[in-house]
Amino acid sequence: MHLNRLGGFLVAGLLCVLTACGAQGKSATATVHFYPDTNPALLSEWGVLSASKGALRLSTGVVPYDLNTPLFTDYAHKLRTIYVPEGEAAAFRDNDYPDFPVGTIISKTFYYPRASGDQTGDRQRILKANDTPGKVEPILDDLASVDLVETRLLVRREKAWEAISYVWNDEQTDAKLTRIGAYRDMTIVDDQGQETDFTYVVPNTNQCAGCHALNNTTRVIAPLGVRPRHLNKRFDHGDGETNQLEYLAMIGYLKNAPAPENVPRNADWKDEALPLNDRARAYLDINCSHCHNRDGPADTSGLYLTPDIPLGEASGLCKLPIAAGGGTGNLPYDIVPGHPEDSVLAYRMGSTDPGAMMPELGRSLRHDEGVALIREWIQNMDGSCAG
Numbered sequence: 006m007h008l009n010r011l012g013g014f015l016v017a018g019l020l021c022v023l024t025a026c027g028a029q030g031k032s033a034t035a036t037v038h039f040y041p042d043t044n045p046a047l048l049s050e051w052g053v054l055s056a057s058k059g060a061l062r063l064s065t066g067v068v069p070y071d072l073n074t075p076l077f078t079d080y081a082h083k084l085r086t087i088y089v090p091e092g093e094a095a096a097f098r099d100n101d102y103p104d105f106p107v108g109t110i111i112s113k114t115f116y117y118p119r120a121s122g123d124q125t126g127d128r129q130r131i132l133k134a135n136d137t138p139g140k141v142e143p144i145l146d147d148l149a150s151v152d153l154v155e156t157r158l159l160v161r162r163e164k165a166w167e168a169i170s171y172v173w174n175d176e177q178t179d180a181k182l183t184r185i186g187a188y189r190d191m192t193i194v195d196d197q198g199q200e201t202d203f204t205y206v207v208p209n210t211n212q213c214a215g216c217h218a219l220n221n222t223t224r225v226i227a228p229l230g231v232r233p234r235h236l237n238k239r240f241d242h243g244d245g246e247t248n249q250l251e252y253l254a255m256i257g258y259l260k261n262a263p264a265p266e267n268v269p270r271n272a273d274w275k276d277e278a279l280p281l282n283d284r285a286r287a288y289l290d291i292n293c294s295h296c297h298n299r300d301g302p303a304d305t306s307g308l309y310l311t312p313d314i315p316l317g318e319a320s321g322l323c324k325l326p327i328a329a330g331g332g333t334g335n336l337p338y339d340i341v342p343g344h345p346e347d348s349v350l351a352y353r354m355g356s357t358d359p360g361a362m363m364p365e366l367g368r369s370l371r372h373d374e375g376v377a378l379i380r381e382w383i384q385n386m387d388g389s390c391a392g
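Numbering (my numbering), first residue to last: 6 to 392.
In case anyone wonders, no lab produced these hints; they're calculated from the structure. Some clues are possibly wrong.
To be verified - In silico DMTMM-like cross-links for lysine to aspartate or glutamate, where the CA-CA straight-line distance does not exceed 20 Å: (1) K83 <-> D347; (2) K238 <-> D358; (3) K181 <-> E50; (4) K83 <-> D146; (5) K275 <-> D196; (6) K275 <-> D71; (7) K83 <-> D71; (8) K83 <-> D273; (9) K83 <-> D195; (10) K113 <-> D147; (11) K113 <-> E50; (12) K133 <-> D196; (13) K133 <-> D195; (14) K58 <-> D179; (15) K133 <-> E374; (16) K260 <-> D147; (17) K83 <-> D241; (18) K238 <-> D276; (19) K113 <-> D146; (20) K324 <-> D347; (21) K324 <-> D387; (22) K260 <-> E93; (23) K238 <-> D273; (24) K113 <-> D71; (25) K113 <-> D241; (26) K133 <-> D244; (27) K181 <-> D42.
Put together the whole structure using the sequences plus the hints.
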């Protein structure tokens with residue numbers, strides 16, 4: 006099976022999603038268990054997903070979803086799912102994640118296709134993700150061909166959301182709870198056979214909050230990728246493509262949602278048929294704006310990368326870097342129109358130096374394709390910072 010197969014998620018006898026099981030009562034694999042105040046030692050105890058007979062199975066009511074432009078994490082593939090308790094629904098909010106009820110569980114499983122050839126020592130050889138437009142992540146029905154790394158849960162409890170991380174065992178039968186994070190030595194192999202060694206970092210509890218605590222004052226954890234502008238796209242849940250917002254409304258997971266054409270939609274950063282500015286802003290939004298917003302952890306930088314900020318000084322154009330320390334590369338402005346080589350933004354995205362790289366969490370590798378996009382965007386800007 007090709008792990009970047011065109012055409013959407015595989016839904017077969019090995020896998021049960023809501024359309025195949027929850028709605029019709031067929032072949033349900035397990036029942037989701039919500040823990041209101043404790044974190045079980047094993048991922049399987051939640052019942053959201055489980056590894057069985059060489060496949061990764063979703064339980065009744067657990068729905069996969071995709072994003073217009075996803076967050077980069079060292080070329081990892083990701084299986085994203087959402088579960089809303091029976092009889093409950095999330096209330097749509099225009100420019101924020103839906104108001105999910107207590108008991109909601111959002112999961113994200115990180116994995117890589119295995120490279121062919123013998124494995125050396127403890128270092129796993131894995132394949133670099135293909136960034137071809139139109140490709141989407143498959144649901145896993147062949148665990149022998151992939152390396153499961155971690156599954157992260159966001160759980161909506163009575164008082165607040167909580168981020169919980171689980172690391173998969175070598176046998177890929179279950180994942181174990183971790184609070185201190187973990188490290189995996191890996192070798193990524195690209196299409197030309199070029200190998201790059203790196204260390205994959207599973208975040209600890211504090212690092213999870215570093216991204217998901219959107220307000221630097223309250224430090225309250227919240228979901229990131231389930232905002233309407235990220236979800237507003239067509240997706241195949243097994244019975245043909247449907248807009249995801251319409252689908253979630255249809256199955257009762259989302260209420261009060263307007264028609265998709267009346268909801269903002271981020272661009273697919275890989276789709277070269279779309280305007281370059283839309284693609285670049287979508288990429289910066291999902292990768293950077295959870296910190297770089299007026300209330301976020303990077304609020305003192307003065308650089309705000311949410312889509313509502315027009316292209317100008319606040320979004321980096323001819324802006325002096327603030328609170329960047331030695332991470333500027335001795336460059337004068339965050340963005341210099343026409344000159345990515347003189348722009349702090351492109352420099353920090355292209356760096357793997359812990360003292361300079363951005364984002365500073367969630368990656369060990371440089372995202373070559375993402376950096377190329379932002380450099381092209383800056384190269385095509387008109388204007389000058391002179392005077």
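Status of each hint after checking the structure:
{"no.": "1", "hint": "K83 <-> D347", "in the structure": "violated (34 Å)"}
{"no.": "2", "hint": "K238 <-> D358", "in the structure": "violated (35 Å)"}
{"no.": "3", "hint": "K181 <-> E50", "in the structure": "holds (10 Å)"}
{"no.": "4", "hint": "K83 <-> D146", "in the structure": "holds (14 Å)"}
{"no.": "5", "hint": "K275 <-> D196", "in the structure": "holds (18 Å)"}
{"no.": "6", "hint": "K275 <-> D71", "in the structure": "holds (14 Å)"}
{"no.": "7", "hint": "K83 <-> D71", "in the structure": "holds (9 Å)"}
{"no.": "8", "hint": "K83 <-> D273", "in the structure": "holds (16 Å)"}
{"no.": "9", "hint": "K83 <-> D195", "in the structure": "holds (18 Å)"}
{"no.": "10", "hint": "K113 <-> D147", "in the structure": "holds (18 Å)"}
{"no.": "11", "hint": "K113 <-> E50", "in the structure": "holds (16 Å)"}
{"no.": "12", "hint": "K133 <-> D196", "in the structure": "holds (8 Å)"}
{"no.": "13", "hint": "K133 <-> D195", "in the structure": "holds (5 Å)"}
{"no.": "14", "hint": "K58 <-> D179", "in the structure": "holds (12 Å)"}
{"no.": "15", "hint": "K133 <-> E374", "in the structure": "holds (12 Å)"}
{"no.": "16", "hint": "K260 <-> D147", "in the structure": "violated (35 Å)"}
{"no.": "17", "hint": "K83 <-> D241", "in the structure": "holds (16 Å)"}
{"no.": "18", "hint": "K238 <-> D276", "in the structure": "holds (13 Å)"}
{"no.": "19", "hint": "K113 <-> D146", "in the structure": "holds (16 Å)"}
{"no.": "20", "hint": "K324 <-> D347", "in the structure": "holds (12 Å)"}
{"no.": "21", "hint": "K324 <-> D387", "in the structure": "holds (15 Å)"}
{"no.": "22", "hint": "K260 <-> E93", "in the structure": "holds (10 Å)"}
{"no.": "23", "hint": "K238 <-> D273", "in the structure": "holds (10 Å)"}
{"no.": "24", "hint": "K113 <-> D71", "in the structure": "holds (11 Å)"}
{"no.": "25", "hint": "K113 <-> D241", "in the structure": "holds (18 Å)"}
{"no.": "26", "hint": "K133 <-> D244", "in the structure": "violated (30 Å)"}
{"no.": "27", "hint": "K181 <-> D42", "in the structure": "holds (18 Å)"}
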